[in-house]
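Construct all of the structure, not just a fragment, from the sequences and the given hints.
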Amino acid sequence: MNFFKYLWTRYHPNYVRALIYMLQANEYYPFEYMAWYHRTNDFYNIEERKHLVYTLKAILLSAFAWISLVWSFASSAIFIYWSQVPGIVAAIAGFILAPFIVPYTLFLLIVFLNALQKPVEAVIVSRAKAKLKRHKAIKIAVAGSFGKTTMREILKTVLSQGKRVAAPGGSHNTPLAIARFVKTLAGDEEVLVFEFGEYYPGDIKKLCNFVEPNWGVITGVNEAHLERFGSLEKAAKTIYELVDYLKAKSGSFSKGSLQQEILGYVNAEGTYQPPRDPSSFVYYDKRGTPSWEVTTVESSVNGLIIGFAYNGEHYQMRSRLLGVHNVGPIAAAADIASRLGLSPEQIGMGVGQTKPYEHRMQPNLDGGVTWIDDSYNGNPDGAAAAIAFLKSLEGSRRWYVTPGLVEMGSRKEEIHREMGKKLAEAKIEKVVLIKNSVTPYIEEGLKAAGYAGEILWYDFGPTAFNALPKMTVAGDVVLLQNDWPDQYE
Amino acid sequence: MKTVAVMFGGRSAEHDVSIITAHIPIIDTLLASAQYDVWPVYITKDGAWYCDKQMNDLSFFQEADWQQKLARMQKVRLNFDKGLTIEWPGFFDRHIKVDVAFPAMHGTYGEDGSLMGVLRMAGVPFVGCDIFASAVAMDKVLTKQLLEAEKIPTPPYVWFTRGMWKADPETLRREIKKLEYPLFVKPVHLGSSIGISKAKDEKELENAIEVALHYDDKILVEQGITEMIEVTLPIMGNDDPRTAHVERPLNKTEFFDFNDKYLSGGGKKGQDGANSGYSQIPADIGEKMTEHVKEIGVKVYQTLGCTGISRVDFIIDTKHDKAYVIEVNTLPGSLYHHNWKKAGVSNMDLVSGLVRLAEERHAALKDTTYAFKSDILTKVGGAKDQK
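Going down the list, the protein sequences come from chains A and B. Heads up: the first sequence begins at 3 in my numbering, then just goes up one per residue. Heads up: the second sequence begins at 72 in my numbering, then just goes up one per residue.
Each hint should be verified, as a subset may be incorrect.
[What the hints assert, rightly or not] With a cut-off of at most 20 Å between alpha-carbon atoms, the simulated SDA-like pairs for lysine to any residue come out as follows:
| id | chain 1 | residue 1 | chain 2 | residue 2 |
| --- | --- | --- | --- | --- |
| 1 | A | Lys432 | B | Val416 |
| 2 | B | Lys413 | A | Asn366 |
| 3 | B | Lys249 | B | Pro227 |
| 4 | A | Lys432 | B | Ser104 |
| 5 | B | Lys413 | A | Gly397 |
| 6 | B | Lys413 | A | Gly370 |
| 7 | A | Lys239 | A | Lys249 |
| 8 | A | Lys432 | B | Gln106 |
| 9 | A | Lys432 | B | Gly424 |
| 10 | A | Lys7 | A | Phe102 |
| 11 | A | Lys432 | B | Gly415 |
| 12 | B | Lys73 | A | Thr465 |
| 13 | A | Lys432 | B | Ala105 |
| 14 | B | Lys124 | A | Thr465 |
| 15 | B | Lys73 | A | Leu458 |
| 16 | A | Lys437 | B | Ser104 |
| 17 | A | Lys437 | B | Met72 |
[Claimed, not checked] Label-pair restraints from in silico Cβ distances:
| id | chain 1 | residue 1 | chain 2 | residue 2 | range |
| --- | --- | --- | --- | --- | --- |
| 18 | B | Lys370 | A | Ile307 | 42 to 52 Å |
| 19 | B | Ile167 | A | Asn16 | 25 to 35 Å |
| 20 | A | Tyr13 | B | Ala442 | 54 to 64 Å |
| 21 | A | Gly477 | B | Gly194 | 35 to 45 Å |
| 22 | A | Ser302 | B | Asn278 | 54 to 64 Å |
| 23 | A | Ser173 | B | Glu431 | 51 to 61 Å |
| 24 | B | Glu431 | A | Glu456 | 16 to 26 Å |
| 25 | B | Phe163 | A | Tyr8 | 26 to 36 Å |
| 26 | A | Tyr8 | B | Ile167 | 19 to 29 Å |
| 27 | A | Glu456 | B | Lys370 | 25 to 35 Å |
| 28 | B | Phe163 | A | Ser173 | 48 to 58 Å |
| 29 | A | Phe5 | B | Ala442 | 49 to 59 Å |
Keep in mind the hints are simulated off the structure, nothing from the lab. Every value quoted in this text rests on a predicted model; they were computed, and no experiment measured them. Every residue gets a Cβ at the ideal spot worked out from N, C-alpha and C, and that includes glycine.
Shown next as structure tokens:
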């Protein structure tokens, strides 16, 4: 039904732009783009949250798409004309068919370009690999479904108190992005911290072979990107390629080296917990690590005050990171730092400098209202941590704003109902939901748990964000959970 | 989705202030809520009515050619058949049925009860005070006379019309002499401090009266208090009014004028519409005086029969620790949303709360009987009349 309702949008002048925008939004992954194309009917209302950026690639693809559109029209018309159909009928048929052909020609072009790009990328990566192999720094790899960037930043900040540390910025976690970062290294760094991104099975293994890490940190496995992996087990298997690599390499570590003591760190708080291997890995959670035991935790909108027991001494450390879910990663960083020779005082200084990374539980006080931007946090554990943090702020009027979580695959109903249940249990006063395919499940969860607060619905995220300053008063706390990219319904 | 018509502009000296009030916070908030279909109804200084959604954006009125754009728009007319309908006359009949009217017009023809009369005739729920409270509050003298009758303290005063001043100024001067300087000379029907002057001697008084008569035909000369502070109290509700914070304007000039209120204050006007940098909220007048002011404020609100929202202005004689009511404003500029926000009422709660109060009052009015059966028409022209 919707196919016919929005058929006209394929003949709108913005149709080509929508296709190019969605290629860009899907990072030019051809199969994700095709999946979007096949589930989309309305090609008019596409650029709602972001807009097409006219990079050289986007301009060339747009030109190709328009040429392709004209060519599709012409060839269809000629083909039909040759089939003994009157000219005018052929032209109309060509016009009708052309918009259905262009998305596929674009797909083929991207597949072709990616194939062309691969050898070039391979050369760049291989040069970086050679440089990295010569580099004497300890290489720490961070992998997991969630919390990678925060872990990387905590490690970088804490270890910088006693070591020369470098790490790629932003979300640079692919081989090409890491290769570009390696090119910038001076060579005298003592510790390099890498975030490993997983998109498909085998990705982490490839990165391991490229970076050859000495240590690894698994931040946790959950349903993030479940749609791509199909099952939690497959996602875990991909992430644990890092553990497999470290274990396989363990024999090559020199006697008495740090790596002979332990191979890495694993977050014991993730949804998915494979069998433990405490002889090779340190498990961390909000109780700390075996060496850095957490004795007390105070959490507020200003951050954390954590009491640690280490080597029979007590240390109190402050961090500007929000939420008790950060206690485990901070303890792990302290453990790593102490193994690398940093004093507890240096570690305390480093922890004191940790602060929320962009769009991850990042607070901002405006007009007396505390806004917490958690828009880059789109996984069930992250959402649960954010709700738990809001729960701890009883006394303030609390707002939870979300479009739900993407790529939750077959578990989307269960996960969103659970979110609703947790919000109801936390007695969050106001829940603002953005209309899409998953938020009704949050409402169901809220209602099933006897939610007594107010549920407010908005058609689009920007509309809700615009309304919030008019709905809030001084003392309110507003948490913005996850962003909903345009490629999802 | 409820259709709300926000009415602003009008034949008033406060025409421009009304545009600000209508947009910040009313239209902006109603639109942001995504729960209302908002129609801006703009009345020109000449009294022509326009309605076009382009005017939902305040920037429309800030463009250099907005009046030319307006001239190209079609004027609307009102239909009172079973409520209020806004119509665009023409070949293609266009009309919208209004569920709630939201008057945002300050001063004459708007805040003085005239518009409320129109809306009552239409039988549509409308936000804010009804015709009677609006008409009384618009006349500062009538308000003072009512307050005196209820034994609510208000400063001594003399009033006169333009005709009375022309006919016998000497008698009025003698009456004024009984008051103590400084004196405040005010046009009786204007708000936003327009046309108000402070006179410290007879010479300044003459000039102040001339200025006030330029704006109005009825003048109030009110005794000032030397050691005093001004405070104001926004109030909201129908039968059970609630107060916002007592607010103290921090005067830059000798008294709080139009510029202080809307334009000065270190550029803090911005999104608040009214100048948010000019006042102290809550006013630092002590807990006892704050409670006293709130108590009197609510009494004034109820005495005048205010509904929806109003603001009661006071001066506090700091020497004698006494509060006097100066006037009542039935449509506070920008609804004093900056004050309400500090009192824990968000713009959304304020605006949607006012819409709800309008509907409640309208529903309550339905229980009032305004007509009764009579046979008077059948008897007219009968035997009695033919005698």
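Each hint tested on the structure:
The hinted pair formed by Lys432 of chain A and Val416 of chain B meets the criterion: a straight-line CA distance of about 15 Å does not exceed 20 Å. A hinted pair counts as satisfied when its Cα atoms are at most 20 Å apart, and Lys413 of chain B with Asn366 of chain A qualifies at roughly 19 Å. Taking the CA atoms of Lys249 of chain B and Pro227 of chain B, the gap is near 10 Å; set against the 20 Å cutoff, the hint holds. For the suggested pair Lys432 of chain A and Ser104 of chain B, the alpha carbons sit about 14 Å apart, so the restraint of at most 20 Å is met.
Of the pairs offered as hints, the one joining Lys413 of chain B and Gly397 of chain A holds, with about 17 Å between alpha carbons and a cut-off of 20 Å not exceeded. For the given pair, Lys413 of chain B sits about 9 Å from Gly370 of chain A by alpha-carbon distance, which is consistent with the 20 Å threshold. For the suggested pair Lys239 of chain A and Lys249 of chain A, the alpha carbons sit about 14 Å apart, so the restraint of at most 20 Å is met. Using a Cα cut-off of 20 Å, the hinted pair Lys432 of chain A and Gln106 of chain B holds, with the two alpha carbons roughly 16 Å apart.
This hinted pair checks out: Lys432 of chain A and Gly424 of chain B have alpha carbons roughly 17 Å apart, not beyond 20 Å. The suggested pairing of Lys7 of chain A with Phe102 of chain A holds, with an alpha-carbon distance near 16 Å, which does not exceed 20 Å. Between Lys432 of chain A and Gly415 of chain B the alpha-carbon distance is near 15 Å, which keeps this suggested pair within the 20 Å criterion. Note on Lys73 of chain B and Thr465 of chain A: the hinted pairing holds, with a Cα-Cα distance of about 18 Å set against a maximum of 20 Å.
For the proposed pair Lys432 of chain A and Ala105 of chain B, the alpha carbon gap of about 16 Å is at most 20 Å, so the pair holds. For the hint pairing Lys124 of chain B with Thr465 of chain A, the CA-to-CA distance comes to about 18 Å; that is within 20 Å, so the pair holds. The hinted pair formed by Lys73 of chain B and Leu458 of chain A meets the criterion: a straight-line CA distance of about 16 Å does not exceed 20 Å. Note on Lys437 of chain A and Ser104 of chain B: the hinted pairing holds, with a Cα-Cα distance of about 15 Å set against a maximum of 20 Å.
Distance hint between Lys437 of chain A and Met72 of chain B is fulfilled; the C-alpha atoms sit about 17 Å from each other, no more than 20 Å. Separated by about 50 Å at the C-beta atoms, Lys370 of chain B and Ile307 of chain A satisfy the suggested range of 42 to 52 Å. Between Ile167 of chain B and Asn16 of chain A the beta carbon distance is about 30 Å. The supplied range of 25 to 35 Å therefore holds. Between Tyr13 of chain A and Ala442 of chain B the C-beta distance comes to about 60 Å, which sits within the given range of 54 to 64 Å.
A hinted range of 35 to 45 Å holds for the C-beta pair Gly477 of chain A and Gly194 of chain B, which are about 41 Å apart. A beta carbon spacing of about 59 Å between Ser302 of chain A and Asn278 of chain B agrees with the range 54 to 64 Å that was offered as a hint. For the pair Ser173 of chain A and Glu431 of chain B, the supplied restraint of 51 to 61 Å holds, since their beta-carbon distance comes to about 52 Å. Restraint check, Glu431 of chain B to Glu456 of chain A: a C-beta distance of roughly 20 Å satisfies the suggested window 16 to 26 Å.
Distance hint check: the CB atoms of Phe163 of chain B and Tyr8 of chain A are about 27 Å apart, consistent with the given range 26 to 36 Å. At roughly 28 Å, the beta carbons of Tyr8 of chain A and Ile167 of chain B sit within the given window of 19 to 29 Å. Our hint of 25 to 35 Å for Glu456 of chain A and Lys370 of chain B holds, since their Cβ atoms are close to 34 Å apart. Separated by about 54 Å at the C-beta atoms, Phe163 of chain B and Ser173 of chain A satisfy the suggested range of 48 to 58 Å.
The supplied range of 49 to 59 Å is met by Phe5 of chain A and Ala442 of chain B, whose beta-carbon atoms lie about 58 Å from each other.
When each numbered hint is compared with the structure, no violation occurs for any of them.
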